[in-house]
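2 protein chains.
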Amino acid sequence: MSQTQKGNAVIGQSGGPTVVINQSLVGVIQEARKVGHIGRLLGSRFGVRGIVSEDFQELNDVPVELLERIAQTPAAALGSTRDKPDAAYCEKIFASFAKNNVRYFFYIGGNDSADTARIVSELAKKSGYDLAVFHIPKTIDNDLLVHDHTPGYGSAARYVASAVLGDNFDNRSLPGVKIDIIMGRNAGFLTAAAALARRNEADGPHLIYVPESPLTEDKLLADVEAVYAKHGRCLICASEGIMAPDGKTWTEKLSSGLEADSHGNQQLSGTGTLGDSLAELIKTKLGAKMNKKLRVRADTLGYPQRSFPGFASPVDAAEARLVGRTAVQLSATGARGGSIAMRRTSSSPYAIETFLTPLESVARLTKHMPAEFLDGGNNVTPAFIRYARPLIGDLPVVGSFDELKAT
Amino acid sequence: MSQTQKGNAVIGQSGGPTVVINQSLVGVIQEARKVGHIGRLLGSRFGVRGIVSEDFQELNDVPVELLERIAQTPAAALGSTRDKPDAAYCEKIFASFAKNNVRYFFYIGGNDSADTARIVSELAKKSGYDLAVFHIPKTIDNDLLVHDHTPGYGSAARYVASAVLGDNFDNRSLPGVKIDIIMGRNAGFLTAAAALARRNEADGPHLIYVPESPLTEDKLLADVEAVYAKHGRCLICASEGIMAPDGKTWTEKLSSGLEADSHGNQQLSGTGTLGDSLAELIKTKLGAKMNKKLRVRADTLGYPQRSFPGFASPVDAAEARLVGRTAVQLSATGARGGSIAMRRTSSSPYAIETFLTPLESVARLTKHMPAEFLDGGNNVTPAFIRYARPLIGDLPVVGSFDELKAT
Numbered sequence: 077m078s079q080t081q082k083g084n085a086v087i088g089q090s091g092g093p094t095v096v097i098n099q100s101l102v103g104v105i106q107e108a109r110k111v112g113h114i115g116r117l118l119g120s121r122f123g124v125r126g127i128v129s130e131d132f133q134e135l136n137d138v139p140v141e142l143l144e145r146i147a148q149t150p151a152a153a154l155g156s157t158r159d160k161p162d163a164a165y166c167e168k169i170f171a172s173f174a175k176n177n178v179r180y181f182f183y184i185g186g187n188d189s190a191d192t193a194r195i196v197s198e199l200a201k202k203s204g205y206d207l208a209v210f211h212i213p214k215t216i217d218n219d220l221l222v223h224d225h226t227p228g229y230g231s232a233a234r235y236v237a238s239a240v241l242g243d244n245f246d247n248r249s250l251p252g253v254k255i256d257i258i259m260g261r262n263a264g265f266l267t268a269a270a271a272l273a274r275r276n277e278a279d280g281p282h283l284i285y286v287p288e289s290p291l292t293e294d295k296l297l298a299d300v301e302a303v304y305a306k307h308g309r310c311l312i313c314a315s316e317g318i319m320a321p322d323g324k325t326w327t328e329k330l331s332s333g334l335e336a337d338s339h340g341n342q343q344l345s346g347t348g349t350l351g352d353s354l355a356e357l358i359k360t361k362l363g364a365k366m367n368k369k370l371r372v373r374a375d376t377l378g379y380p381q382r383s384f385p386g387f388a389s390p391v392d393a394a395e396a397r398l399v400g401r402t403a404v405q406l407s408a409t410g411a412r413g414g415s416i417a418m419r420r421t422s423s424s425p426y427a428i429e430t431f432l433t434p435l436e437s438v439a440r441l442t443k444h445m446p447a448e449f450l451d452g453g454n455n456v457t458p459a460f461i462r463y464a465r466p467l468i469g470d471l472p473v474v475g476s477f478d479e480l481k482a483t
Numbered sequence: 077m078s079q080t081q082k083g084n085a086v087i088g089q090s091g092g093p094t095v096v097i098n099q100s101l102v103g104v105i106q107e108a109r110k111v112g113h114i115g116r117l118l119g120s121r122f123g124v125r126g127i128v129s130e131d132f133q134e135l136n137d138v139p140v141e142l143l144e145r146i147a148q149t150p151a152a153a154l155g156s157t158r159d160k161p162d163a164a165y166c167e168k169i170f171a172s173f174a175k176n177n178v179r180y181f182f183y184i185g186g187n188d189s190a191d192t193a194r195i196v197s198e199l200a201k202k203s204g205y206d207l208a209v210f211h212i213p214k215t216i217d218n219d220l221l222v223h224d225h226t227p228g229y230g231s232a233a234r235y236v237a238s239a240v241l242g243d244n245f246d247n248r249s250l251p252g253v254k255i256d257i258i259m260g261r262n263a264g265f266l267t268a269a270a271a272l273a274r275r276n277e278a279d280g281p282h283l284i285y286v287p288e289s290p291l292t293e294d295k296l297l298a299d300v301e302a303v304y305a306k307h308g309r310c311l312i313c314a315s316e317g318i319m320a321p322d323g324k325t326w327t328e329k330l331s332s333g334l335e336a337d338s339h340g341n342q343q344l345s346g347t348g349t350l351g352d353s354l355a356e357l358i359k360t361k362l363g364a365k366m367n368k369k370l371r372v373r374a375d376t377l378g379y380p381q382r383s384f385p386g387f388a389s390p391v392d393a394a395e396a397r398l399v400g401r402t403a404v405q406l407s408a409t410g411a412r413g414g415s416i417a418m419r420r421t422s423s424s425p426y427a428i429e430t431f432l433t434p435l436e437s438v439a440r441l442t443k444h445m446p447a448e449f450l451d452g453g454n455n456v457t458p459a460f461i462r463y464a465r466p467l468i469g470d471l472p473v474v475g476s477f478d479e480l481k482a483t
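Sequences listed follow chains A and B, in order. Residue numbers are given in the working numbering: position 346 of the first sequence equals residue 422, and the series is strictly consecutive. Residue numbers are given in the working numbering: position 173 of the second sequence equals residue 249, and the series is strictly consecutive.
Just so you know, these hints were derived from the structure itself, not from any lab. Check the hints yourself; a few may be wrong.
Same chains, same names: a pair is fine if it fits in one copy or spans any two.
Claimed, not checked - Cross-link-like lysine-lysine pairs, in silico, DSS-like; alpha carbons within 27 angstroms at most:
no.: 1; residue 1: Lys295; residue 2: Lys361
no.: 2; residue 1: Lys369; residue 2: Lys160
no.: 3; residue 1: Lys82; residue 2: Lys329
no.: 4; residue 1: Lys481; residue 2: Lys329
no.: 5; residue 1: Lys202; residue 2: Lys160
no.: 6; residue 1: Lys201; residue 2: Lys329
no.: 7; residue 1: Lys168; residue 2: Lys369
no.: 8; residue 1: Lys168; residue 2: Lys202
This is chain A alone, in the form it adopts within the complex:
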């Protein structure tokens, strides 16, 4: 293929931020420069929106020094979107692709973004437009089917485990009940990562609640009471998506109960709602039962989970770069598209390999925590710890006077 015949490529980023999403972007840019089969490499601003509006960032000549800084920067450097294109939207995308001779489309995102990639790919085939579409995985939720795990998860898990590690010492120094609400509407992987903070049996988190294990008010209160009786304190980590046995989320239940408040609006749909409500529940019900002033606090860990800088998991950062490079390598060998997945080839020492899986195998679908990772409705198993530990890197070094007793 001569230089003038080279197809151009568009790369876009989509969905919620991670701290390594730009590692994948830079992986694509680096590999495209190395392989040389792509003509112009265009960064689409704000996901698919930038394709339609032809709002492109030229990526062929960005200095390496800047790229390496961008790779370490949280959140989509090109901008993101939650747009999901329909057929009419796709027509506009193809018009832009045709006009700019775009033959490769790389889309970095989660299962919604994989679905966008699938729609674009299928409509391209139908309309006879020659286009290779690659989904490059990214989600802190770790909820993509087929994928052993997803770039973005390891760093978010590292943040969560570290925050909870610190919070465990905070809770030791001023004992009480502490609740940390952790991201994950449908899958509990990120909340479960809090378990990596434990060094021994007395350490928190003492209770871990994920959406996969339905939780009743009675169980929560009984759990907290038992832990408090044993340790004189209790550190709880709960997913924002924890469910009641009827399949409704706790947040839905709390919100619907509060629609009838004096303000007539859904004020409790904000981010602190669930944590505050759990704190109030425990304070009221257990405080009364235990006949004392129970110290109960709640934090909702919030956006730092997905965008705290300078604290990425080195493994996660390297893998995010790798899947970006792999997508470009595959595009050069004639592959027509798919999602770049990782497979664990060895647990000890930890090792992975990449492979291509059809977009349909990932799009829209949500992977939940398997039963082998869940224990008793309030904990995770050693199998989960073995699964997650290699993904987060070393946690901060800590120490305690308790170690003197242990020896």
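Chain A is fixed; fit chain B onto it per the hints.
Chain B only, in chain A's frame:
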């Protein structure tokens, strides 16, 4: 003084955690070993409580390797308390001190802890008990009078500036209004530190609200609207203690307004309340005015500000160690007590020296942000940036495609 005549010492930790409070503890232990004028060095568990119950951790022989790990560990390694001793409580403290031949008392904490130290010191004098009492400063609020700044602040400020740095990129990639609620009930130093995240005029935080500058609903809404019109997004950092012009905190106002809700309880007194309420206010009032679906989110940064591990400011960690060592050195030279303060001897390059200030000059009192640090009720001045920048260490490296335009 012969070995048998050496007085013993008690060290305790008090108040809310910081990530460097154990640096001060280890500084005391190290210096006591070096100087040798102290007999037994006893760590009081859970502040003054451990003195009364004689719950002591022997510190003379703790291995250095463990001490260095404890120094890097967030929150009081000896345990903390919010107890404030009265005369009767102090009687029990002296009984314990006398029984254990304690002649030096080191207390690490904020202005409440300085007040405890003052009370103990004064009652010791009155009762003719020979006791040197040293307050070793620690507070993320940075609100001690006389002190240029306090150990614990630099690391909390580093966390806040970093979280907001990441959140700014998050907000760029998915534009909208984002509110971050930052610790600081009475003083705005920690919230103000968010300004250190800015690299240029377009960067957030675009609005900074501190307790020292009263804030009306009208001003908040006008500010947000103006920023949104200019940047298409708005990142707000507000102290948990922001005040209305009548001197009441916003949280008080919101809570009192909500006591009348359908549940009949103060459910909005939890930690996410203020952020959620501000988000609701902006969404309702501005969303209607701007005639579109305004994306508004709120995070309450919570305990990670005071206990996130592995991310301390190196300057802060070194200074926390230094004030601990200085307290012991002064105790060896015959000083009878006081609070160990820092004075800035040079701004460029940054340099400090320690000095002793009377307990009364620090106890109970709160330092507020001076007028020269405040700008227009929604920002901080370059003078504040110059003051705070040297305290937090280097922020994480980041980069943006915008830099290409700038050159």
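Tested hints:
With identical chains, the CA atoms of Lys295 and Lys361 are at most 27 angstroms apart within one copy only, with a shortest distance of 13 angstroms there and 40 angstroms across copies. Taking CA atoms no more than 27 angstroms apart as the test, Lys369 paired with Lys160 passes between copies only; the shortest distance there is 17 angstroms, against 50 angstroms inside one copy. Taking the shortest alpha-carbon separations for Lys82 and Lys329, neither the intra-copy value of 55 angstroms nor the inter-copy value of 64 angstroms comes in at or below 27 angstroms. Taking the shortest alpha-carbon separations for Lys481 and Lys329, neither the intra-copy value of 46 angstroms nor the inter-copy value of 49 angstroms comes in at or below 27 angstroms.
In the homo-oligomer, the alpha carbons of Lys202 and Lys160 lie at most 27 angstroms apart inside one protomer (19 angstroms), although the nearest pairing across protomers, at 76 angstroms, exceeds that limit. Taking CA atoms no more than 27 angstroms apart as the test, Lys201 paired with Lys329 passes in neither setting, with 44 angstroms inside one copy and 60 angstroms between copies. With identical chains, the CA atoms of Lys168 and Lys369 are at most 27 angstroms apart between copies only, with a shortest distance of 24 angstroms across copies and 62 angstroms within one. Taking the closest pair of Cα atoms, Lys168 and Lys202 come within 27 angstroms of each other only inside a single copy of the chain (15 angstroms); across copies the shortest separation is 85 angstroms, beyond that limit.
Of the numbered hints listed earlier, those contradicted by the structure are 3, 4 and 6.
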